[in-house]
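Build the full structure now, drawing on both the sequences and the hints.
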Amino acid sequence: MKKIFFTITMACILCLGVCACTANTELKKLPNPEITEGIRGEQFGIDKNINEETIDEYLNRPDSVYRDMRMLKDPGNYEAIGGDSYLSGFVKGFEVVPYPLLVNVIGLPEEVGDTYTGKTLYTLNDNGKYIANYEESLEILEYYFPKDKNIFLMCGGGGYAGMTKTMLVSLGWDENKIYNVGGYWYYEGTNNVEVKKTNSDNSISYDFWKVVYHDIDFDNLHEVK
Numbered sequence: 001m002k003k004i005f006f007t008i009t010m011a012c013i014l015c016l017g018v019c020a021c022t023a024n025t026e027l028k029k030l031p032n033p034e035i036t037e038g039i040r041g042e043q044f045g046i047d048k049n050i051n052e053e054t055i056d057e058y059l060n061r062p063d064s065v066y067r068d069m070r071m072l073k074d075p076g077n078y079e080a081i082g083g084d085s086y087l088s089g090f091v092k093g094f095e096v097v098p099y100p101l102l103v104n105v106i107g108l109p110e111e112v113g114d115t116y117t118g119k120t121l122y123t124l125n126d127n128g129k130y131i132a133n134y135e136e137s138l139e140i141l142e143y144y145f146p147k148d149k150n151i152f153l154m155c156g157g158g159g160y161a162g163m164t165k166t167m168l169v170s171l172g173w174d175e176n177k178i179y180n181v182g183g184y185w186y187y188e189g190t191n192n193v194e195v196k197k198t199n200s201d202n203s204i205s206y207d208f209w210k211v212v213y214h215d216i217d218f219d220n221l222h223e224v225k
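Quick note: the sequence shown uses this note's numbering, first residue 1, plus one each step.
No farther apart than 25 Å at their CA atoms in a straight line, the calculated lysine-lysine pairs in the BS3-like style are these:
| no. | residue 1 | residue 2 |
| --- | --- | --- |
| 1 | K210 | K197 |
| 2 | K92 | K73 |
| 3 | K196 | K73 |
| 4 | K92 | K210 |
| 5 | K29 | K92 |
| 6 | K147 | K92 |
| 7 | K119 | K129 |
| 8 | K197 | K92 |
| 9 | K48 | K149 |
| 10 | K29 | K149 |
| 11 | K92 | K196 |
Simulated restraints, written as ranges between beta carbons of each label pair:
| no. | residue 1 | residue 2 | range |
| --- | --- | --- | --- |
| 12 | N199 | D148 | 38 to 46 Å |
| 13 | L171 | N32 | 14 to 22 Å |
| 14 | E175 | S200 | 43 to 51 Å |
| 15 | G113 | F218 | 17 to 25 Å |
| 16 | P109 | N32 | 27 to 35 Å |
| 17 | E53 | E79 | 23 to 31 Å |
| 18 | Y143 | E110 | 29 to 37 Å |
| 19 | D126 | S203 | 41 to 49 Å |
Don't read these hints as lab results, they were simulated from the structure. Built from N, CA and C at the ideal position, the CB exists for glycine as well.
Structural data, given as structure tokens:
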């Protein structure tokens with residue numbers, strides 16, 4: 001009886017060891033964030049190693065969160081620069097936290113015009129400082145962008161994602177845990193979730209119900225006096 005018990009115990013230990021080793025080998029080591037060359041790096045800060053071409057290799061990680069920084073319909077005219085004002089699709093696993101709700105947007109191309117100008121969690125002042133507009137502003141950021149996780153950011157072309165990384169780092173996040181993956185407009189991988197569709201009458205509609213969208217209810221927040 002003791003021999004049987006010993007055999008079963010050893011089998012369980014070996015099984016646990018194999019499972020642990022498998023789990024460790026399946027989680028691919030992340031390269032350090034590194035800005036790519038050219039205008040994509042200089043203007044947007046898109047990552048050299050983890051970007052639209054490679055993000056599929058880094059999806060579904062338990063140590064990471066995935067955030068798309070676009071609005072469902074941006075007031076800005078992104079069609080003027082070859083983009084899309086609508087969130088026409090996204091990479092599977094990314095949840096939407098609109099950057100224009102986090103802070104006032106500055107530095108957009110002139111052709112795009114103005115984007116959302118309503119309430120925001122923070123105000124970016126002329127001195128480059130982020131000033132909280134609500135008592136809950138930092139708490140909300142920490143909830144959507146947990147500091148103990150790797151953070152993968154996307155948007156349409158890479159701009160909002162780059163602005164988000166700049167904001168988070170300025171507010172105390174570790175820049176070595178944040179990756180600007182770039183823009184959905186340039187994604188050609190296998191995890192594409194299409195939101196825009198052409199109907200039988202050739203009209204266009206958007207399946208926004210597919211999107212995990214995090215809105216911010218400013219009316220229930222407490223303004224900083």
